[in-house]
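> Heads up: the sequence lines are chains A and B, in that order.
Just so you know, we're using the numbering used here here: the first sequence kicks off at 1 and counts up by one.
Just so you know, we're using the numbering used here here: the second sequence kicks off at 179 and counts up by one.
Please keep in mind that the hints were generated in silico from the structure rather than gathered at the bench.
Every residue gets a Cβ at the ideal spot worked out from N, C-alpha and C, and that includes glycine.
Pairs of lysine to aspartate or glutamate residues, derived as DMTMM-like cross-links and limited to a Cα-Cα distance of at most 20 Å, are as follows:
no., chain 1, residue 1, chain 2, residue 2
1, B, K188, A, D22
2, B, K188, A, E31
3, A, K41, B, E254
4, A, K65, B, E225
5, A, K72, A, E165
6, A, K113, A, E93
7, A, K128, A, E104
8, A, K72, A, E173
9, B, K188, B, E254
10, A, K41, B, D252
11, A, K72, A, E161
12, A, K113, B, E217
13, A, K41, B, D195
14, A, K65, B, E217
15, B, K188, B, D252
16, A, K113, A, E131
Derived CB-CB ranges, DEER-like:
no., chain 1, residue 1, chain 2, residue 2, range
17, A, T92, B, A199, 44 to 52 Å
18, B, A214, A, C75, 34 to 42 Å
19, B, R189, A, T66, 55 to 63 Å
20, A, T92, B, G222, 15 to 23 Å
21, A, I26, B, E217, 48 to 56 Å
22, B, D195, A, R21, 18 to 26 Å
23, A, G49, B, E217, 13 to 21 Å
24, A, T92, B, I233, 30 to 38 Å
25, A, K128, B, G196, 52 to 60 Å
26, B, A253, A, Q148, 54 to 62 Å
27, A, C119, B, V240, 38 to 46 Å
28, B, A202, A, A52, 17 to 25 Å
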Amino acid sequence: MKLFKRSFRMGARNVREPLWRDEFSIYTADERYVSRRQFTKFLVLTSLGMFAGNVWILVRAAFSKTPTFSEKFICRASDVPVGGVQLFRFPTENDPCILIRPEEDTFVAYSQKCTHLSCAVFYSPEKKRLECPCHEGYFSVRNGAVLQGPPPRPLPRVLLERRGEEIIAVGMELRGET
Amino acid sequence: MDQQTHPGRKRGLTAIDGALALIALLLIVQMWLLTATLESYLAGHHEVVLPAAIISGLMSLVSVGLYLFVRRIDAEARVRREPMKPNESR
Numbered sequence: 001m002k003l004f005k006r007s008f009r010m011g012a013r014n015v016r017e018p019l020w021r022d023e024f025s026i027y028t029a030d031e032r033y034v035s036r037r038q039f040t041k042f043l044v045l046t047s048l049g050m051f052a053g054n055v056w057i058l059v060r061a062a063f064s065k066t067p068t069f070s071e072k073f074i075c076r077a078s079d080v081p082v083g084g085v086q087l088f089r090f091p092t093e094n095d096p097c098i099l100i101r102p103e104e105d106t107f108v109a110y111s112q113k114c115t116h117l118s119c120a121v122f123y124s125p126e127k128k129r130l131e132c133p134c135h136e137g138y139f140s141v142r143n144g145a146v147l148q149g150p151p152p153r154p155l156p157r158v159l160l161e162r163r164g165e166e167i168i169a170v171g172m173e174l175r176g177e178t
Numbered sequence: 179m180d181q182q183t184h185p186g187r188k189r190g191l192t193a194i195d196g197a198l199a200l201i202a203l204l205l206i207v208q209m210w211l212l213t214a215t216l217e218s219y220l221a222g223h224h225e226v227v228l229p230a231a232i233i234s235g236l237m238s239l240v241s242v243g244l245y246l247f248v249r250r251i252d253a254e255a256r257v258r259r260e261p262m263k264p265n266e267s268r
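If we strip away everything but chain B, and leave its shape as in the complex, we get (with noise of 0.2 Å):
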């Protein structure tokens, strides 16, 4: 079957692109949350300091977690890819 067109490839490329989607919705958040939490810093509200840091962390630790998805995805597409060589045994 054809690289391009073989199913496996294709439900990586979407999963990729799902995890892709979602790191960037967590990052527009991660932007705005710094942004206001700046914002309320500069204002004199201390108390949002605190909490909005574990978000932003949380939310960085997903993303991470995410990335580290989508470089299994690429690896096992490789893999699926890839011909055997003739020294070597499955």
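Looking at chain A on its own, in the form it has when it is part of the complex (with noise of 0.2 Å):
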């Protein structure tokens, strides 16, 4: 462990000085630099906290892949009456979603977690606008857009496709900033 450094004074050759004394001076005027010193290096590392932060956002965007959906039977279109919604999860086990059908021939579906703090959304059919009880945040239920309160992003969708009677959820669609 390295306890002394070289002197800095001008001319003075090969005098070593503890290291000590950087930090803990016998002079009462020195604490001022200690102390700012000390926080200006508290500042520093944070700031590469920061950039690591950054550079770990970098490698996770190089790495992901594109995800692949496989095709889900959700229900029959006739299981879901006008205004009615049934829950399902695509495409994971892990991701509840919510189909609503907001017209006869209408059906929509979008990820049931609030983009911002991943509450559960219900539909409201007298506003016809999904909502998040948690914080208030209202989406449209035509495109899943935030209406109104604290969520960043419009929900995910599902996208679906209908075969005769069958509702199949085929993929997701990730939506950027409203």
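Two chains, two frames, a set of hints: combine them into the complex.
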């Protein structure tokens, strides 16, 4: 362990000074310098932490693959009344989604996780919108866009296909900021 | 002259305070940049991730440079203050 440093003094050669003097000076006036230097060090380390966070996101983005989805049967069209909903999970069992039938011939489906803090959203047929009960974030039933509240992004949309009476989930569509 | 009121020491403290303020400002911008980048990444906008990382890295480099500046000022102030030992020569 390094306990000494070479003297900084001009002309003083081979003078070794203990490192602790940098932190615990016998001069009261030096405390201002020491506290500022230590605070600066803390801020710089935090700054490097922020940079590490950005690099982590970069690595995640570089190695993320385009997800592939396998088709999943949700329900029959007649199972959902107009204004009604059907809950299902897609693409995995950990991804709750909601299928809505706002009109006779219209089916839409979204992820049920609010984009704010992942609370489960529900459909309000009277107001024709998806509502998050946690912080009153509202989403349009037409396209999942944020209508009000803290959610920063629209709800991920589930791509649907109707094959006769069957409603099939075929993919997910992520959307950016509103 | 008193240690507390030495003009050199005051200048040193002012310089350190200026550097500290600049580092704090850069850090606030970096925090905002990180949250904005994360939001964009989660929203599927991967194209902003690389420029954000480069800018954040540059700001970190400037912060490190300012820290080295603060250390140098600190060391110089110590030299200015310490009395010479009998066996040393300037």
